[in-house]
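S.K.: So the chains spell out like this:
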Amino acid sequence: MSSVRVLVGTKKGAFVLTSDGKRRHWTVNGPHFAGWEMYHLKGSPVDPNRIYASQSSSWFGQVVQRSNDGGKSWEAVGNNFAYDGVPGTHQWYDGTPHPWEFKRVWHFEPSLTDPDTVYAGIEDAALFRSVDGGKNWEELSGLRKHGSGPHWQPGAGGMCLHTIVLDPSNAKRMVIAISSAGAFRTDDGGETWKPINHGLRSAHIPDPDAEVGHCVHHIAAHPSRPETLFMQKHWDVMRSDDAGDSWTEVSGNLPTDFGFCIDVHAHEPETIYVVPIKSDSEHFPLEGKLQVFRSRSGGNEWEPMIKGLPQSDCYVNVLRDAMAVDSLDECGVYFGTTGGQVYCSPDGGESWEPIVRDLPAVLSVEVQTLP
Amino acid sequence: MSAVTIRVELPAHLRTLAGVSGELVLEVAAPATQRALLDALEMKFPMLRGTIRDQVTQERRAFLRFFACEEDLSFQGLDALLPEPVLHGKETFLVVGAVAGGLG
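For the record, the sequence lines run as chains L and U.
Quick note, in this note's numbering, the first sequence goes up one by one and the last residue is 371.
Quick note, in this note's numbering, the second sequence goes up one by one and the last residue is 104.
I should point out that these hints are in silico values taken from the structure, not numbers from a laboratory.
For clarity, every value in this text was computed on a predicted model and none was experimentally measured.
Each residue gets a CB set at the ideal place from its N, CA and C atoms; glycine is no exception.
Don't take every hint at face value.
[What the hints assert, rightly or not] Derived contacts from chain U toward chain L, CB cut-off under 8 Å, selection only:
(1) 49
(2) 55
(3) 56
(4) 97
I would like the entire structure built from these sequences, with the hints used as guidance.
M.R.: And the structure:
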């Protein structure tokens with residue numbers, strides 16, 4: 001019988017949650033790396049026992065952990081993220097030049113074909129790759145040097161490369177997103193990049209239709225339709241059907257279109273999920289009601305999925321990497337909150353139950369569907 | 001001058017990361033400077049690379065301090081010789097994390 005393993009990164013450690021395919025009874029294992037910020041953990045699609053984890057702290061910097069046994073044991077691997085060449089400057093919050101400085105790894109994206117190859121999205125924004133299981137890291141500097149890099153500015157959370165989407169049908173194509181520079185795509189394996197922000201409109205920047213400068217919060221795609229991308233921007237939920245060359249807004253009837261996370265149903269490429277957040281200055285759900293909104297039409301028409309979620313006095317946030325889906329026959333949907341809850345819906349969003357209620361603030365959630 | 005034996009105490013998180021408990025004893029090549037001590041520490045415990053000093057700039061991390069003999073050695077520079085009592089094993093070289101509540 002299939003089972004699931006949920007990898008949870010929190011502000012004070014990592015947790016591994018496991019269940020059989022019914023997803024009703026859970027075992028909670030952790031904290032791993034207690035006391036450290038665990039921005040992201042993700043397993044290899046080709047070897048689920050291979051997991052990469054980003055461990056960091058203000059005191060001790062960045063550590064990269066690797067597990068070869070599904071999270072039972074870990075070993076520290078390489079953590080030297082040296083920018084290619086003289087890194088130069090980007091813009092600081094006030095528009096002045098600021099040196100590029102490595103701060104932390106926000107996101108790991110293991111290769112779809114090789115467990116030893118993994119991509120890392122870091123702050124200050126850059127993309128790195130390891131081809132030896134995380135021992136050594138090399139910057140794919142064509143992204144940072146493509147031309148607009150000196151004009152990138154950090155968002156409130158820092159200038160982070162937080163999203164990496166690999167194309168299962170085209171090994172040379174990759175989409176990434178940076179707060180707050182926007183989305184970028186390579187079609188040649190990371191050598192050259194171009195901004196893919198046409199159609200995004202951000203009222204809070206000097207040129208609302210600028211080529212770069214948009215605060216993209218997350219991008220998701222269904223593996224069977226890599227040309228179709230769904231985006232939760234700072235404000236606005238967007239979709240593209242041409243791999244990001246153009247975007248249209250699909251916020252539709254959402255009660256607020258601010259938010260951080262977005263994901264796609266494992267078996268229905270037009271079914272997507274978001275968690276609307278009140279505003280950029282009030283990072284919690286509207287009216288204290290935690291609501292996942294689902295669209296089965298690829299956007300525009302949304303329905304609240306609230307059964308089992310708190311509908312009063314709830315003021316948590318759901319961060320950009322804190323939603324995931326499993327690929328069991330009945331798709332499970334998962335998300336974690338800054339209040340330390342991790343919720344599971346084993347029925348595609350129809351109903352929710354907390355797997356665990358009292359973890360440290362959840363930074364990321366990833367799910368592995370195991371045979 | 002031959003190598004000297006230095007006693008080192010790390011913050012709890014770094015002891016866990018290195019898989020050690022209590023005080024460490026390191027053989028440090030002469031001249032026994034802060035840099036030589038950190039080189040020896042990172043050679044013996046490679047998982048500590050980057051956690052005490054930046055791997056690119058080699059600068060001490062801002063929220064860490066070096067103490068010994070009831071003195072703050074943090075601003076002496078990496079090429080400063082360790083104090084005599086540390087060189088003779090009478091005192092411990094302390095790597096200390098800043099006391100800060102932070103954001104929780």
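S.K.: If a hint holds in the structure, say so; if it doesn't, say that too.
M.R.: Now the hints, each set against the structure:
1. This hint holds: residue 49 of chain U has a C-beta 7 Å from the nearest C-beta of chain L, less than the 8 Å allowed.
2. Interface restraint check for residue 55 of chain U: the shortest CB-CB distance to chain L comes to about 5 Å, inside 8 Å, so the restraint holds.
3. Of the supplied interface hints, the one on residue 56 of chain U holds, with its beta-carbon coming within about 5 Å of a beta-carbon of chain L, less than 8 Å.
4. Interface restraint check for residue 97 of chain U: the shortest CB-CB distance to chain L comes to about 5 Å, inside 8 Å, so the restraint holds.
Comparing the model with each numbered hint stated earlier shows that all of them hold.
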